[in-house]
Amino acid sequence: MRLSDWLESRTGYRKILDDILLEPVRGGARWAYVFGSVLTFLLLLQAATGVLLAAFYAPSSTTAWASVVFIQEKVTLGWFIRGLHSTGASAMIVVVGAHMAQVLLYGAYRAPRELNWLVGVLMLGLVLAFALTGYLLPWDQKGYWATQVATSIMGTTPVIGHELQELVQGGPAYGNYTLTHFFALHTYILPATIFVLLGAHLYLFRKHGVTPRWNVSEAELVKRTEAFWPYQLFRDLFACAVVFLIMVVLVVRSHGADLEAPADPASSYVARPEWYFLPLFQMLKYFEGPAEIVGTIIIPTLVGLTLLTLPFWDRARSRAPGRRLLPLAMAGTGFVVVVGLGLLAVRQDRADPTFQKQRAIAAAEAERARRLAIEGGVPPEGGLGLWKNDPLYAARALWDEKCAGCHSLSGAGGEKGPDLYDYNSRAWILVFLRDPDGPLRMGPAKLEKGMKPVQASEDELRALAEFVYSQSGTPDADRSLVARGQALFAEKNCDECHETDGQTPGQGPNLSGRGTLEYVKSVIADAGAPMRYGKRSKMPRFAGKLSDAELTALARLVRGGGRQSAASSTENADHSSPAK
Amino acid sequence: MAGQRREFLRLLTSALGTAIGLLAAVPGLRFLAYPLRERTVWGGEEPIRVAALAELEPGQPLRVSVVGTRRDGWLRLDGIKLGACWLVRDVDGRVRAFSTVCPHLGCGIDWSPNSKRFDCPCHGSSFDADGRRVAGPSPRDMDELEVKLAGQDVKVLYRRFRVSTPKKEPLG
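Top to bottom, those sequences are chains A and B. Going by this note's numbering, the first sequence opens with residue 1, and the numbers climb by one from there. Going by this note's numbering, the second sequence opens with residue 581, and the numbers climb by one from there.
Rather than coming from a laboratory, the hints here were simulated on the basis of the structure. Among the clues, some could well be false.
Below, in silico cross-link-like pairs of lysine-lysine (BS3-like), each with a Cα-Cα straight-line distance of 27 Å or less [what the hints assert, rightly or not]:
no., chain 1, residue 1, chain 2, residue 2
1, A, 492, A, 545
2, A, 446, A, 416
3, A, 388, B, 661
4, B, 661, A, 74
5, A, 223, A, 207
6, A, 446, A, 402
In silico negatives: residues of chain A with every beta carbon more than 10 Å from chain B [said to hold, decoys possible]:
no., residue
7, 12
8, 52
9, 77
10, 122
11, 160
Each residue gets a CB set at the ideal place from its N, CA and C atoms; glycine is no exception.
Between the sequences and the hints, there should be enough to build the whole structure, so can you do that?
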């Protein structure tokens, strides 16, 4: 006995297969029928990629973001699997739209298929719920803030809003239980529900068969009838392949889904939902104050009810689209409004320079956070503790301990030494030249016989500043201005106190290499060295007290002029080589 | 003709189905197999101080924890227990370290002062004071760890080894 015969005798699987595959498609296979199968395929793909992601994901407020970074950046093809899952969500929305359009056009929601339409609309709701719950799971800025809006709206539901919101988010504010709740919803409750509904949907679909075009005679339908396998299945799989290929191309081109910086409740992130929720987001802008509930609850509820009850109020005698102008016109208008609102949202953001600037900052912070996480691992307190990996953070701590007593890095002025905010800029030098003993420069140091203000015109000062600025060897110095500054340097007798050869000590510091890492380091190490400020310096010597690495870190911080905040800086100019 | 078309469509449909399946399954399996290719849990790359020399008495094994930095998936844990080892100082003053992990199936090995033996509480493997297997199912002697003495400091290079194999094979 062959194995297949044995299996057949024990299970009767051949009849099941025949029932599934050889179902007659009334009127023959059509491309118009592919959308349901594509959606089933996408749902299975979402389930498969979802299970894969769950194998490397950890839902808690301290681990979610970190585990997703590692999926994205470290796990083999993690970006691809995560990208497919995220693109799959978008694809589902698009194909759901196509599926509904086909059903509407063919009148397939009408008797005797009312229940199947109902089940389908419920599944649409579930698809949106999947998108919403999945969005939060990475616990990044985008998901965190966009979902805040959604749960806040939930909280405005009359009567039960407050309880509903707390139940869903697992407490009065976002935290671990929000993630575990959303994870349970996204990976257990919603999938179980949608697969039960899918079973019902398919059963009801099989019971009543396809809804052929409205203008074909019964005799013609019978004549053209074909088996599902291979005629319809070929079209279905072909469509699945096309959708899948488009998804793969999109994922490869974008290198997977975005991942913003870890969720930070203290930040003011510009929250935008995923593209398919943009129409809702845009609509909220038009309802102010007490009218808000119109946009948040009333309109969405009315749209949902209209959809659900469609088969019961569409009383047209025929399925022909020409006889069903009301539902089709409503659907068409709805589509135009939804797309219009979405486009409007995109356009307003594109035209908003503040939004664009904040997006750029957020993107830079995201990039930096991911890099720090990958390089040093994420500390137990999660993504928000990442600043500890930041080499600049250590320098900041050192600065606070050793330097902040005298100097400032904020532009507010130091206690006993110059303010070093923006130290390595032309502007800093200009301020110095105009008034070396000013409150932002050497004033607080109260040096005896310090430098006098340079008596020169604004243009001359600019040239002198450019010359001093060029001492670091920076390529962005203006050569002609530097040449003029060099001449003025002699003319104004600056060279009586300052040498620029890098060898000869003078009354004031030898300015050769001013602004380079080595120069700044040498000042911190020993400001009283003959090549620097000499005996008049009141700054303590740090050589021997700080390690070379610490001196370098501090010098980097000063060179950056305090522009790099330890938590969010992205540029480290030409000297970024964080310890590995 | 119709039969030929049907056969051709069947072939094409099967090929399409297989192609889609493969395009999804191959990356999925590679993704899942990540822990087979890359180390996911590691730590203690450098020798770690576990005791002072003076704490060790000849013939009296001392159980010490090895505390260091552990990388675990995405996580970096500083000052965490990586594991433990038995330190043994012989009469010549030589210090040796043995992992507490039983080479049989990974249980924690204890020292029995009465019998002067290391015993595994799970399946009864037994080792002498030099870590040599004397009885029980363990396929090899206790796993010795590299010891570095720096002045008074006893440092150990902590490693884990594959269990249940006759050969001592480092993990990670």
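Earlier hints that do not hold, by number: The structure breaks hints 1, 8 and 9; every other hint is satisfied.
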